[in-house]
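Respectively, the protein sequence lines represent chains A and B.
Residues 1 to 80 in my numbering are what the first sequence spells out, letter by letter.
Residues 1001 to 1453 in my numbering are what the second sequence spells out, letter by letter.
Everything labelled a hint here was simulated from the structure, so no lab data went into it.
Predicted, not measured: the structure shown is a model, and the values here were computed from it.
No residue lacks a Cβ here, since even glycine has one placed at the ideal position from N, Cα and C.
Some clues are possibly wrong.
Said to hold, decoys possible - A few chain A residues that face chain B, going by a derived Cβ cut-off under 8 Å, partial list only: (1) M1; (2) D20; (3) Q34; (4) S40; (5) V47; (6) E48; (7) D51; (8) N57; (9) P59; (10) E60; (11) P64; (12) V67.
Claimed, not checked - Computed list of chain B residues with no C-beta within reach of chain A, every gap over 10 Å: (13) G1002; (14) I1062; (15) E1268; (16) V1284; (17) P1285; (18) P1314; (19) D1338; (20) N1377; (21) G1382; (22) Q1406; (23) R1429; (24) E1451.
Unchecked claim - Here are the in silico distance ranges between beta carbons for each label pair: (25) A:D62 <-> B:T1070: 52 to 58 Å; (26) A:G55 <-> B:L1257: 44 to 50 Å; (27) B:R1438 <-> A:H79: 45 to 51 Å; (28) B:S1246 <-> A:N57: 43 to 49 Å; (29) B:S1008 <-> A:E3: 35 to 41 Å; (30) A:H79 <-> B:E1384: 32 to 38 Å; (31) A:G55 <-> B:A1265: 29 to 35 Å; (32) B:P1067 <-> A:E3: 54 to 60 Å; (33) A:N57 <-> B:F1312: 46 to 52 Å; (34) B:K1449 <-> A:R61: 55 to 61 Å.
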Amino acid sequence: MNEQDARAVVHAAIGKVAPDVDLADVDEGSRLRQDLELDSLDFLRLVEIIDTDTGVNIPERDYPAVVTVAGLIGYLASHG
Amino acid sequence: MGDFLMPSLGADMEHGKLVEWLVKPGDYVRRGDLVAVVDTDKTVMDIESFQEGVVADLLVDIGETVPVGTPLARITQTPAETGPPPHGESGVHGAPAKPAPSPRPVARPSAPIAPPVRHLAHQLGVDAATIHGTGKGGSVTRADVEHAVAAHAGSRVRSSPLARRLAGEHGIDLAAVPGTGPQGAVTGADVHRYLGSHEDAGIQVEPVPLPRELPPEAREEPPAGPPAEARERVASLRRAIGTLMSRSKQTIPHYYLSTTVDLRAATEWMRSVNAQRPVAARLVPSALLLKAAALAAKEVPEVNGFFDDGGFRPSPAVHLGVAVALRQGGLVAPAIHDADTLPLDALMEQLRDLVSRARAGRLQRAEMADPTITVTNLGDLGVESVYGVIYPPQVAMVGFGRVMEQPWAQNGMLGVRHAVIATLSADHRVSDGLRGGRYLARIEELMQKPEEL
Chain A
1 MNEQDARAVV
11 HAAIGKVAPD
21 VDLADVDEGS
31 RLRQDLELDS
41 LDFLRLVEII
51 DTDTGVNIPE
61 RDYPAVVTVA
71 GLIGYLASHG
Chain B
1001 MGDFLMPSLG
1011 ADMEHGKLVE
1021 WLVKPGDYVR
1031 RGDLVAVVDT
1041 DKTVMDIESF
1051 QEGVVADLLV
1061 DIGETVPVGT
1071 PLARITQTPA
1081 ETGPPPHGES
1091 GVHGAPAKPA
1101 PSPRPVARPS
1111 APIAPPVRHL
1121 AHQLGVDAAT
1131 IHGTGKGGSV
1141 TRADVEHAVA
1151 AHAGSRVRSS
1161 PLARRLAGEH
1171 GIDLAAVPGT
1181 GPQGAVTGAD
1191 VHRYLGSHED
1201 AGIQVEPVPL
1211 PRELPPEARE
1221 EPPAGPPAEA
1231 RERVASLRRA
1241 IGTLMSRSKQ
1251 TIPHYYLSTT
1261 VDLRAATEWM
1271 RSVNAQRPVA
1281 ARLVPSALLL
1291 KAAALAAKEV
1301 PEVNGFFDDG
1311 GFRPSPAVHL
1321 GVAVALRQGG
1331 LVAPAIHDAD
1341 TLPLDALMEQ
1351 LRDLVSRARA
1361 GRLQRAEMAD
1371 PTITVTNLGD
1381 LGVESVYGVI
1391 YPPQVAMVGF
1401 GRVMEQPWAQ
1411 NGMLGVRHAV
1421 IATLSADHRV
1431 SDGLRGGRYL
1441 ARIEELMQKP
1451 EEL
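If we strip away everything but chain B, and leave its shape as in the complex, we get (with noise of 0.2 Å):
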């Protein structure tokens, strides 16, 4: 058994409030399903568990701010790991007395059930002791545990918030969109294929006109903040992004490179695929550099990684932050991972999937707590280079300006082509110039073939 800590979310959090819980005691879980939503100065997360068990206590009340580290809730070893009793209530080994919160059957016989079927009810979420068996001497079977699950489905059905969000603004009811997720967890991306298919069945998705969306401090969840607390957030994180900036300048001894790219192959054979794309599959140039962004730190260990106490620690995996502005003010940079192995289209999902997530100030700890190089792409909003303040205790950070027609001249020839301006930020305790220089060079060399991405 073991409790479950308010988590660092990142090098500047010292403390998060407690917005959500996502189980309640008696709750199975397991190694990185999602617990509680936390609330910290720059965004609200959704965390995971780190262990499997079952929920025996929360220890902390929605709405309260605990320091990192404080026990949030305690969890306890299961069945499932110790082998599961011969009969009966899977019970909770070393739990401690506890009030059940809400009447729930703790002793009473139940309806022979076997290990994998258990196992099964776990992973889905149901209590087996509840399900009516149908089987052999009343023996509760696979089927009975999917009926019992569609049942509850309206409650049950594992989510992102993402997909809370948009089945609410849609008006779809979960349980009937398949989940690719996590133990099938409905994501964003399924509910959008969702309303996709439905909307080519013929059937009217969505009337216009809408009701405008609430601002994110005045969704569903968390109680609707009055401006003067929408106003603090901003405020918060403000101060939360000018310490940490604040903190790389004086720690950081950055160095600077740019390079022009030349994006003429990239746009060319982009505008082809994407003329034969719907809406929702095309690419944006974004998704492009960013693909090259990754693989070049690949090749180049110095700029993919963290710098602590212990010196340089290389990353093998690269895990590439994005830059999110904030509509409201400020920004985040969560995580798309392991960028590098993502094929284009799925890492093209994976940034728009991120970017809709941040901006509704829902993310997950694991994309705040681990970039290992980050990327800010404000040119898109217009200016022609962007040189960024390293993210401590990331090495490096990556720019990327608009992309825009300039004239280019080659062998002796003047023409016009898509260009964009890409920088380097980089910690020159951990390299200098000349590996800096390299990791540019091959993202424009990877630009030039933009198929092999």
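This is chain A alone, in the form it adopts within the complex (with noise of 0.2 Å):
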């Protein structure tokens, strides 16, 4: 999958877990967790439905990998 696939992919995972965030306005940077305010159950379904989406399912060792909205790009296109 290249990055702009990913991006595609985290956005719209994102704006179904959390439809309040608006990622036109969001950096990159931004951590998922502290940033978007995503909790612990917030997460795990954005991981769900990455893998529902994608097939990509993000192992919880790879988790710190995924902190933030471009480490989470950055992995779905490299294990894409």
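Since each chain comes alone in its own frame, lean on the hints to assemble the complex.
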């Protein structure tokens, strides 16, 4: 998956989990938990949606790599 | 017969606005069937019938705001209780004469039908009199009823609001989803399962990119609210929380305790379990903590129940309220029923369902009305500890902070472990620090054997 596709997937998934977040205004360095205020259940749902949409299953040990929006996009681009 | 009243959906509720009728005159409802959707200051809730019968009249129009206790609908007794009539339309005994709102055949002769089949038709929500019988002598068989249900499927599938929303989002027909809820109702979990299984079968579920989901205020059922209405809702929720919390602080003599819970065993166990699971079945630490909080509440009854005019009434069941922060501001604390008896996976599933419905503003009456103790898990968003304010008439509030690594001394050795600060705010009219301390100590002990939770 190229970075553009990965970005579209991530934006769509965040839009579902946190519909109030306006991604146009979000810096990609933003942290999902602290800055976008996703709790652990939101985060799990995000990982689940990405798994459903792309088949990329992010194991727990890789969570540290997907702390930020940019990190998540990069992870998908290299694993998808 | 009896009236279906605007219920009180929490200590602070004085009125409610009828948002949607889930039944229409002539429908057969059983105890527990969802009847209407009511908007309180806090959330939009599905409310259920406390009686069995036929809906004779809807007394309140959609959009009306009425005080608690106002009759919303008239429900009359049905032949199911008095024995079915030998023939014909399921006559509505004792129903007041009413103009049928839609052309509905009332007295036309209909096919013979055996009581069990009629009952099935009632249960599935189809009018037995309208079914074409293919059995002996033109009688209606079970298969006929099932066919009729299938034919009506699009509009007649019993389903939860979450299920309907998910189905809408994914463009699937609810009739195709096997329901596991009450009377075969399709739940959100059923839809997730359905989506999962069809993805396995290679069917593209949802292409990206997706349209952004609308905020709850602007979703389908209630008339799309202008931003002013959304702001008013947040302000109204703020007032409701303020009123309730003021009452709590004015009437409940709180005391506060805290302890640090060693999570080494729990995090290691959870990591190994999750590594073998698909994303949808993974656990989060909150689920383990909630289960421990519920089990401990069962063992220390002084923190589980209600304090009202009659003094303290301990609750035999543990209905664990979970404080859910709403993304647009404010919070609600609906209950996971009998949380102490639920297997961990079931509790996890209910937690996810409850939180997503709370965020979507769609909770059920019972969930809002009867938590016996509440847990707040604010730590998820970063703080080390949280001391909650008790929700009256409850007598305790449990708080969990952030799961963090910290230096841990044991047996003269220093190591690094995951840990969480658990707090208890409890009512001094009911318990004191010794019992409260016992409660937190039990949580600590239970968390050391996560595989037994």
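Here is what the structure says about each hint:
Evaluation of the M1 of chain A hint against chain B yields a violated restraint, the C-beta minimum of about 11 Å exceeding 8 Å. With its C-beta approaching chain B no nearer than about 5 Å, D20 of chain A sits inside the 8 Å limit, and its interface hint holds. For Q34 of chain A, the shortest C-beta to C-beta distance to chain B is roughly 6 Å, which falls under 8 Å, so the interface hint holds. At its closest, the beta carbon of S40 of chain A sits 4 Å from a beta carbon of chain B; the interface hint therefore holds under the 8 Å criterion.
About 5 Å separates the beta-carbon of V47 of chain A from the nearest beta-carbon of chain B, less than 8 Å, and the hint is met. Of the supplied interface hints, the one on E48 of chain A holds, with its beta-carbon coming within about 4 Å of a beta-carbon of chain B, less than 8 Å. Taken as an interface hint, D51 of chain A checks out: its beta carbon lies about 5 Å from the nearest beta carbon of chain B, inside 8 Å. At a threshold of 8 Å, the smallest CB-CB gap from N57 of chain A to chain B is about 6 Å, leaving the interface hint in force.
Annotation: interface hint on P59 of chain A holds; nearest CB of chain B at approximately 7 Å, less than 8 Å. Taken as an interface hint, E60 of chain A checks out: its beta carbon lies about 5 Å from the nearest beta carbon of chain B, inside 8 Å. With a least beta-carbon distance of about 13 Å to chain B, the hint placing P64 of chain A at the interface is violated under the 8 Å criterion. Nearest Cβ of chain B to the Cβ of V67 of chain A: about 13 Å, over the 8 Å cut. The hint is violated.
At roughly 39 Å from the closest C-beta of chain A, the C-beta of G1002 of chain B stays outside 10 Å, upholding its exclusion from the interface. Once the 10 Å rule is applied to beta carbons, I1062 of chain B is consistent with being away from chain A; the minimum gap is 25 Å. Even its closest Cβ contact with chain A, about 12 Å, leaves E1268 of chain B beyond 10 Å, as expected for a residue assigned away from the interface. Its closest Cβ contact with chain A, about 4 Å, brings V1284 of chain B to no more than 10 Å, contrary to its assignment away from the interface.
At roughly 7 Å, the least C-beta separation between P1285 of chain B and chain A is not larger than 10 Å, which violates its mark as non-interface. Once the 10 Å rule is applied to beta carbons, P1314 of chain B is consistent with being away from chain A; the minimum gap is 30 Å. Even its closest Cβ contact with chain A, about 20 Å, leaves D1338 of chain B beyond 10 Å, as expected for a residue assigned away from the interface. Not every C-beta of chain A lies more than 10 Å from that of N1377 of chain B, the closest at about 8 Å, which undercuts listing it as non-interface.
For G1382 of chain B, the condition that its CB be more than 10 Å from all CB atoms of chain A is violated, with the nearest at approximately 6 Å. Every C-beta of chain A lies more than 10 Å from that of Q1406 of chain B, the closest at about 18 Å, which supports listing it as non-interface. Against the 10 Å criterion, R1429 of chain B stays outside the reach of chain A, whose nearest CB is about 33 Å from its own CB. Distance check on E1451 of chain B: its Cβ is at least 18 Å (rounded) from any Cβ of chain A, clearing the 10 Å threshold; non-interface status holds.
Taking the beta carbon of each, D62 of chain A and T1070 of chain B are about 54 Å apart, inside 52 to 58 Å as hinted. A C-beta distance of roughly 47 Å is found between G55 of chain A and L1257 of chain B, which places it inside the suggested range of 44 to 50 Å. Here the CB-CB span from R1438 of chain B to H79 of chain A is close to 48 Å, well matched to the stated 45 to 51 Å. At about 47 Å, the beta-carbon gap between S1246 of chain B and N57 of chain A stays in the expected band of 43 to 49 Å.
For S1008 of chain B paired with E3 of chain A, a C-beta distance near 53 Å fails the hint of 35 to 41 Å. One distance hint, 32 to 38 Å for the beta-carbon pair H79 of chain A and E1384 of chain B, holds here, with the actual separation near 34 Å. For the pair G55 of chain A and A1265 of chain B, the beta carbons lie near 33 Å from each other, so the given range of 29 to 35 Å is met. At roughly 57 Å, the beta-carbon separation of P1067 of chain B and E3 of chain A lies within the given 54 to 60 Å, and the hint holds.
Between N57 of chain A and F1312 of chain B the beta carbon distance is about 49 Å. The supplied range of 46 to 52 Å therefore holds. For K1449 of chain B and R61 of chain A, the hinted distance range of 55 to 61 Å is not satisfied, since their beta carbons lie about 24 Å from each other.
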